[in-house]
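Starting from the known structure of chain G, fit chains A, Z and P onto it as the hints suggest.
Residue-level listing of the chains:
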Amino acid sequence: MLIEQLINGITLGSIYAIVALGFTLVFGVLGIVNMGHGEIFMFGAFIGVLVTTTFGLPLWLAFLAAIIVTAFMGYLLERFALRPLRNHQGSNHLAPLISTIGVSIFLENLSHHLFGPGNHPFRTPFAEMSIEIGSVTVYLVQIVIFVISLILMAALSFWLGKTKAGKALRAVAENLETASLLGVDTKKYITLTVILASAMGGIAGILVGMAFNAVTPQMGLSMGLKGLAIIILGGMGNVKGAMVGGLILGLAETFIVVYGDSGYRDAIAFIAIIVILLVRPQGLFGQKTSDVRR
Amino acid sequence: MVLEIKKVSKNFGGLSALTDVSFSINKGEIFGLIGPNGAGKTTMFNLVTSIFPTSSGDIIFKGEKINELKPHLITEKGICRTFQNIRLFPQMTTVENVMVGVHSRSSSGVLKSVFRPKSQRQEEEGIKVKSQDLLKFVGLEGYEEVVAENLSYGQQRRLEIARAMASDPELLLLDEPAAGMNETETEDLFQLIKRIQQKGITVLLIEHDMPLVMNLCDRIAVLNFGVKIAEGTPKEIQDNPEVIEAYLGREEDELDA
Amino acid sequence: MSIFKKFMQFSAVSSMLLLAACGGGGDETASGTEGQADGGSGVVSADIGVISYNSGPGAAYGEAITNGLKLAQEEINAKGEVNINLKIEDSAGEQDQALTAAQKLINSENVTAIIGPTLSTEMNVVGPEADLSGVPIMGTSTTAEGIPQLGEYVFRNSIPEALAIPASLKKAIEAYDVKKVAILYGNDDVLTKSGFDTMKATAEEMGLEILTIETFQKGQSDYNAQLTKIKSLNPDLILASALYNEGAVIMDQARKMGIDVPFVGGNGFNSPEVINIAGDAANGLIVATPWFGEKEDPKVQDFVAKYTEKFGKAPDQFAAQSYDGLYIFAEALKNAGDSDRDAFRDALAEISNFEGILGNFSFDEEGDVVMEPTVLTIKDGKFQEFNE
Amino acid sequence: MLAELINPYYLQVGSFMLINIILGISMYITLSTGQLSLANAGFMGIGAYTSALLTIHFSLPIPVGVVIGAIFAGLLGIVVGLPTLRLKGVFLAIVTLGFGEVIRVIFVNWESLTKGSVGLSGIPHMGRELLKTVKELGFEPKMLGLQNNQFIFMAIFLILLVIVIFVIWFFKRQNDSRIGRAFSAIKLDEQAAESMGINITYYKVLAFAQGALLSGFAGALFAHMLGYISPADFAYHKAIDILIFAVLGGSEVIWGPAFGAFFLTLLPEVLRFISEYRYMIYGVIIVVMMVVRPQGLIDLNVVKWIKRKTTRRGLKNGTGN
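Residue numbers (the working numbering), protein chains in the order written: chain G, 2 to 295; chain A, 2 to 258; chain Z, 4 to 391; chain P, 246 to 566.
Hints listed in this document are in silico derivations from the structure and should not be mistaken for laboratory results.
We treat Cβ as the ideally placed atom computed from N, Cα and C, and that holds for glycine.
Hints may contain errors.
[Claimed, not checked] Part of the chain Z face toward chain P, derived, beta carbon under 10 Å:
no.: 1; residue: S58
no.: 2; residue: Q98
no.: 3; residue: D99
no.: 4; residue: Q106
no.: 5; residue: N110
no.: 6; residue: S123
no.: 7; residue: N127
no.: 8; residue: G189
no.: 9; residue: S197
no.: 10; residue: Q220
In isolation and in its complexed conformation, chain G is listed as follows:
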């Protein structure tokens, strides 16, 4: 049972990590907590359901469609809910947070109207494939999720650290004005960041749909709040921290069910962030700078 639970925890943790990567990317570059990310993730899952179950098209097309749609949603979010705030003079630092809360409420209720409140099954043959290792059944999806989360983390680290675009992004993250003085097209890179993060949310959405065969409009909120907790746990804007934070939360939630009271499962994430913010505000992997508590 222990091994099975470990697999459960790692699967859940990997999903959390992918969601958290989206948060962390936006925070790392823009210094903004995008509260709408969870709902974009949920839309990704619904696109997956539409493509595979409703239209009966192959899975790779679902991924493609979800990436395109969520990327476009990311663009819209940046264009209409974030960019106008940047141009505002003297707008306070809470404005983007509140504005993206607005986006999240809007999207959650939009999906109620578009898809209905119920649970949508996610039917693909791929979700049924499994391998037996001894007495333990491992679903292919579970392995894929773990691998994808690792790939995304590695790709993101590499991209941010080694490529020209990534360096430009980090310049934007350091200081918007300086970056634009250095000739970095900040507008382009900011938009790119939000698009990228949203597309990652879309991928995560499909993976969750496949793994748990459950897609509902409410999943965005609960996933979003967990993702938020994770980036604080791992350190805001820290890619590795998001990955490790996600895994820790996934395992913790699984093992509280095994050894503790499953009723408190949802509270773990928040108890963890409250504790971490009070004890080590920069997060597990964050660097200690005076800027952290901005």
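Coordinates of chains A, Z and P only, in the frame set by chain G:
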């Protein structure tokens, strides 16, 4: 002696901003703190007002060690400051800004503020009168209800001084008060600081405008790369070869003015 | 600017209210009991208020309920014995809005009686208020403990969990020789929580060994941790108090994991949607219900046909219960012979042996349901009567 | 006209409006020091449960229960406020959001006390208790020509109205004082405020605790108005409801959130069809407000303008009415 700086050092993550700086300021004098950009002048202000903790050394105010107190307690003790990059409360009116400055010299709590017994009403009236007097003192009479961010640059500088004086400081720290001012404004400022001195308030001044510093200050300390390289009367400083060498070399002409 | 005007209007209204209170000038009676009976024709007509969950996450329930009511209204009015006029208000599933809607119906619309609200949480708030105002109120979907006990004017025709769960559990125990059970329930929902309380009590009463009690919360989509734990304990049966949305996913994940024991669910689990969502994994679900659409009863088949024709989908238990509910109201109205609230209440309380599409129905002295539920199971991808 | 006005339905809507106004103001108090707290729904729950449990189990009179509930929420506000002080901006928002969720989870799980998600029913009802009391004193609503339920809702509405007027008066006076100046100085520039001798720790915790106290107060009133509460009443969506009062109405002046609460409670009642799209509209409102008018509909200029307008009109017409 009002303020005594004893071997004060400050490090920021390995970078040392100030190293073993010592000087002391006598009651009633105008003391200048000069040095090139990045010499650690504003850091010294931040240490005196406890915005940063010192890394080592002591700051003694009227015989009492103050470098572990919280910033608002420093103000209560009688030290108040202005900021290099003006930090008024931009959306408040001029008079409100000064009234905030009286905070530490007033005491009404929540209940008194709401139910307003006589003592509170008198206190509030006193705050208002005092603030208006201070505005008059710095030359902002008639601007009481103007929102601070709509004042001119020079007026904002003077408002900051009025706000700082509202806490009845014995020691006033002025961080580049003449920055961005034209000649007449600087002349007015010169007179204003003189008048502040006449009220018996000790002034510690950071300033880049050398003629102003040399004419105004009783004594001057010079910082360079976080180290004090000289201290003395303006005349002594002007003649100090180390100061000229390290900091004033190219500006010698200006210094003679 | 219009906002400002509205504000001023509101202030004006408030101050007038104050005046009214001080002066004691209330010359109005909002009792709403003016009989609307048409003396000549002998047709009793009445306004019936409906509070229903028509918007928000549970809008599907409200839709089914109002559809059932509308169909029944059409048929009843066509018969010509009574004439019912429905006044439908939305509660969005929230207590405060349900209460506001009730106030509106009771005081502005002067209805004779109310059907609804949809959720037990709402009834907890609305019931006492209706009781105080002397307006009979009947829930058609409120299954939690203690609803009819809220007051003399509070009734329900939905079978409570306390009736449904023992019925299904008893049959399951007989058929599968159950000794050990595991319980899984949603602890942050009033329906599933109260279902769980009944399950636990029933299981203990029947002498079953409860291996573990696990919970889950709304919005969760991963039940693997709980199910893995349950699997390792090898229960003979799983008692799952879940709404069908979550319940279906739980069954899906359980079957994938290799858990093949039967599930016994509560009221919220009983829906054809379970089969839609979980597919083959839904096989082995046992529920007790007052409503079985496949029943070979002409009344039932007639209802299913009419409903399907009118609304384009098959009726579920919510539609059936509200449909029967309005018929019960019509019967009471006929017996009362008047749309007076008190007369109606007394006539309603005396309803017994009413034959509806749900079967034989009576109220007990508290206004709760007396009827025999049907136990169903999902087999070969569809609901069938359970007899093994 | 008068007869229609005394309709409990309007009084009910009016009463919810008044409770929401208190909630809106609780948000405003904390925001007036620049702190965004999303825990107000949680504090509301604390106040509601505390008062409900005390009045149910110890038969305390409702006013006593309400006051204890509010104070308990306020004390908890201090406990939460102190450690979270060093967190700023979004971090504070997230931690308080998390805190609210933790409170809800505790309500759900602490079944022996809270009955879990089934909720607490049978909470003494403000109006009904009052009716009982006045009847014991020999007073009948009929003497005023009122039905029992008319009397009950009238009483609730009037009690709440008095409370709201007091709350607005209280915080308006506080705002026009040394305390209010300290609050807004902290909001505008924390470091400068500190350098001017303001004890920012004290004032930030004060504002946080006042917000918590007020939320708890509103929650307790809510409990005794509905007679039934459950954890779901104090979840994330409630926090958003409260937030949007301040976002739409504004958080510069106390009239902002009060107006926001008033308007947003009325809106779904006046336009019933909107109810279905309510949260979608909320979402759009939030984004649009942040983009177009981040200070909210009612800011200082609007208040000044209204004052000017009403005094001028008053002069012209002789009397205001």
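Going through the hints against the structure:
| no. | hint | result |
| --- | --- | --- |
| 1 | S58 | holds, 4 Å |
| 2 | Q98 | holds, 6 Å |
| 3 | D99 | holds, 6 Å |
| 4 | Q106 | holds, 4 Å |
| 5 | N110 | holds, 5 Å |
| 6 | S123 | holds, 8 Å |
| 7 | N127 | holds, 4 Å |
| 8 | G189 | holds, 8 Å |
| 9 | S197 | holds, 6 Å |
| 10 | Q220 | holds, 8 Å |
Hint compliance for this structure: no hint is broken.
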